[in-house]
Every structure is written in structure tokens, then in C-alpha cells.
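Chemist: Residue numbers (the working numbering), protein chains in the order written: chain A, 1 to 287; chain B, 288 to 574.
Certain hints may be false.
[Stated by the list, open to error] Per label pair, the in silico range of CB-to-CB distance:
| hint | chain 1 | residue 1 | chain 2 | residue 2 | range |
| --- | --- | --- | --- | --- | --- |
| 1 | A | E205 | B | R459 | 33 to 39 Å |
| 2 | A | D209 | B | E556 | 31 to 37 Å |
| 3 | B | G506 | A | E259 | 25 to 31 Å |
[To be verified] Counterexamples of contact, computed for chain A against chain B with all Cβ distances above 10 Å:
| hint | residue |
| --- | --- |
| 4 | G90 |
| 5 | R116 |
| 6 | A135 |
Calculated from the structure, these hints are not laboratory results.
We put the CB at the ideal spot given by N, CA and C, even for glycine.
2 protein chains.
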Amino acid sequence: MKVGIIGLGLIGGSMAVDLKRRGFAREILGVEAEPVNAAAAEKIGLVDRIVSYDECVAESDIVVISVPVGAAVRMLPDVLDRFHEEEKAGKCERVVMDVCSTKEQLERSVKYHPMRRNYVASHPMAGTEYSGPWAAMPGLFDGHACIICDSQESSPKAVRKVEELYNTLNMRTIYMNSSNHDVHTAYISHISHVTSFALALTVLEKEKDEKHIFDLASGGFSSTVRLAKSSPDMWTPILTQNRDNVLHVMDTYIEKMNEFRKAIADSDEDEIRHLIEESNRIRRIIR
Amino acid sequence: MKVGIIGLGLIGGSMAVDLKRRGFAREILGVEAEPVNAAAAEKIGLVDRIVSYDECVAESDIVVISVPVGAAVRMLPDVLDRFHEEEKAGKCERVVMDVCSTKEQLERSVKYHPMRRNYVASHPMAGTEYSGPWAAMPGLFDGHACIICDSQESSPKAVRKVEELYNTLNMRTIYMNSSNHDVHTAYISHISHVTSFALALTVLEKEKDEKHIFDLASGGFSSTVRLAKSSPDMWTPILTQNRDNVLHVMDTYIEKMNEFRKAIADSDEDEIRHLIEESNRIRRIIR
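The following block holds chain A by itself, in its conformation from the complex (with noise of 0.2 Å):
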């Protein structure tokens, strides 16, 4: 099978090199719009050929398309209207994915498309908080979910072929759509991110030396703060597309900080003591 990745950054060359070296992509074509960002790829030995992104479209069996959801709006139309030029000429069995963190907007862009069951909606749910082709690696999907989205939307065959994909990746599939994927999602995982950007920035105002923070770090804060390294591109079109899911979530937060906070301002130590046991609750779910 031919893989086409659109997009060498940390989750298309983390796939590209797991779906070469496990055996399932014969060959893997990469497309990346950073110049600096292709020349690495193709040096670290991510795919086996840079292309173009007509070359991509036009060659691959699989099309992955691993930009940031902004730009993935706009791209995966375009790819299903050059899979439709190509069925005016005979059948065109060729499957197009994304691996997007929001969901919605995205499906809402190809609803109608005449081609939308070669298109697969997808999100892998691993990742670390660094940006780029430096940042691949091999397993990086071992053992994490990934959710599958509007499946009865595609054709079976599609969705068997990503379905193998995933496989080879070591991932379990979760089936679900798109706007509660976008629900779940804002939960679980937007709000960590908002809450570690703004952890951050609170320290980085607070400590003007930082020295001081450097110095006094534990493993807790680190561990806390490690969202806020995350990359713009990515973060800023996720925060928007899912916006009416986020900021819901961000409310509710904002509503838990208020009640601590007030515990703390009347020393209500009983009441601080019962908001700490019931966070602790996370424990049975998060090992």
C-alpha cells in the first residue's frame, strides 16, 4: 500500500515511520509545507519521498492528512473533489483520512460531498507536547485510543482500511460522532491544555525571576505546566473549531476554582478537605 502523509509533524512522522517499519505502507510519500521541516523529514528517514501535494493526492492509496485542523478544513474538500474528477473516469477506491482533534467542522465541510465515503474521519488520541518532524517516534500510538468518527458515513471498505491502520498502530478504535467526539474531547482533553496555558502564564507573570522557578520546580508543577509547551498552530484553530464545547467546559472549571477559592478565603477547612476528596474520585479512573 501506498501511504500518502500531508503534514510531517509530530503525529504524520510518528505515523510514517511505524507504518514502513511495521510493514503495512510499502511506501510512504510526505508532503510538508515547511521547507526546513521537509529537508529534516526526508534526512531523518521519515518517508521515502517528498512530494507535492498533487503528486500525494494523485498517488497514494491512504491520504493522511495531519495539519492542523484550520488548514485540514480547507484541504479535505479539495482532496475529495480530485478523487471526484478521477471517478468521472472509472471507480476511485482511494481513502482519505484525518487525524484532527476536532471533528465537527470537519465533517460539516464534506456532509454533502459526493465523494464522502472515501473519507474517513479519525482521531488518534496520543501525542506529547512537542511540534515537528524531530519530534516522531516510533510507537508513539502504542496502546492509546483512537476514535473513529460518523463511521456509517464511509464506506465499509474505507473504514476497514483505516481500521488495519490502526491496527498495525496498536491502538484501540472507539466509535462515535463527530459532535460528541467534540464534547468528550473538550473534557478530557482541551480543558488541560487551557488549564496548563494559563497555569503558565500566571507563573511566568508571578515570577519574573526565573531563576526562581527554574530553582523550585517540582515533578508536580512540571507535570502540570507540560501542556503549556504546546505548539500555536495547532492549539489556536482546536480552541476555535470546538469553541461552544470549550468554553462550556472553561465555565464549569472557572466555577470549581471560584468554590475553592472561596473555601480558602473563610479558612473552611472542612469544605477544602471535602473538594479534595472529591477530586481524588480521579484516582479509580486514572491510574
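Starting from the known structure of chain A, fit chain B onto it as the hints suggest.
Modeler: Below, chain B alone, put in the same frame as chain A:
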């Protein structure tokens, strides 16, 4: 040297292991109010002997108070009172130290005590989100920072003993007065815990179906919410004792959250990007 450790949890227990293993302590005496924990500490072999509080304070060359700071504030003056009784019969050169996360109230509790110079205030900045003797582990402190507070109030000999103890634990010592300590730890440690508690509460409230949290939690969420597993016994008194500093930093944090909220509500991509880029500056400091 005979080291007496009062409170055999994560910190006290981990100290016991390394101080004995690395030859700093000839004998470790342990005091533990919770019978189950005391039995476990003895069984795991954290200490040489479980003794009563009276015996521990009477026999140890260094008494380490490693109980939650609410209890420590009552215990510290009592230990110094006992040293004072002893002093009347002849010079007492024994040392008491604490390992608590807030320092100002402890300092205030013994500021004018005639035996103040036998006390060394310290805060080893290491730990995990787990507690109890089961959580104790060798090497917990290696490479982390330890703050010694108000060292000019302690006798140089007492400070040297405590420095040797922390050298044995491979910690870097930093010196600070207790009031600055409490300001910096509010910014760098305490707020991280509050944000994690609030995050856990938010997600637990919103995701009634815990299966979803379990399925969808990625590494990012787990690391951000990790501190929400922390013990209420430890954290309730920290948050009340460091009330003013914690409230101050929470207010800044809530302000930052509201800035983010506004940028997202306005779909202002430039502002969202700007806030993320600002928060990315943490990369320079935290690896």
C-alpha cells in the same frame, strides 16, 4: 547518628530508607500515629524501631517532623519545650527539623522560643501524588531542590547537621526566609495542586460516565490531573496556612483563564495565538 522520624508517610518514609542505606543514620526510630501505617512501616523495614513520640524526642540526635503542617505547628513547640527541659540539666545540642510545604506559621510558632536555635526549617521539594508508608521509595529526593528557611535563626551547628542530611539525600540546598518561601511555593507548587483539583472536579462532574474518561484520557490529561490524587490530610492545612499567598495567585490565575475565555468567545485567533505563545515561554525554563 540516631534519627527519629515522626510521620512515616511518603516523605518521612523515603527519608528513612535513604538515610539508613547511605550510612547517615546508624539507627532510625519511627513514630506513626496510624496503627496500620506503623505496622506497615515496620514490616517494609522503613525503620529500625517503632517508638512512642516521647521516646523519639528523648533519644534522637535529629528529630524530623514529617506530619501534615497543621499537626506540625502544634508539635514543633512541644519538641522545643522538651529540649528546653533537658537544657536545664546540661547543654542540649539535639536538633529538630521539619519538612513541611508552608513555613511562615511554623516559624511564627517558635520565633521567641528559648530553644529556637535547635530548630532548622526545611522543605525538600520532591514527592509524588501518593501517600503513606507504601509510597516511600529510595532515591525520591535525588537531584531535587531543598529550601532551608531562616537559617540565621538556627545555630550554625544545627544547620550544618541538616545540610549534611540533605547532602546524603543528594539535594541542592537553597536558602530563603520563610515568608519568601511561602510566596514562591504558592506560585510554583500550591497553585498546580489547586488547578489539578479543579480539573478533576470539572471532568468528574461533566463526564458522568467514567468509562469515557478512562477510554479517552490521553497522556496530556493524565499528567495535568495527576496532582488531584494528592492527600487531603496534607493539602488542607497547606492551603489554609498559606491562604493569602494562594488566594493572590489564584486571582491571577482566574484572570488568565478569563482572558483565554474572552479570546475564545470572541473567536479571536490572534489573541489565542498570542496567549499560547506567551505561555510557551515556559519551555525555556522547564524541560
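Chemist: Give a verdict on every hint.
Modeler: Hint check:
no. : hint                           : result
1   : A:E205 with B:R459: 33 to 39 Å : violated (26 Å)
2   : A:D209 with B:E556: 31 to 37 Å : holds (32 Å)
3   : B:G506 with A:E259: 25 to 31 Å : holds (28 Å)
4   : G90                            : holds (40 Å)
5   : R116                           : holds (25 Å)
6   : A135                           : holds (13 Å)
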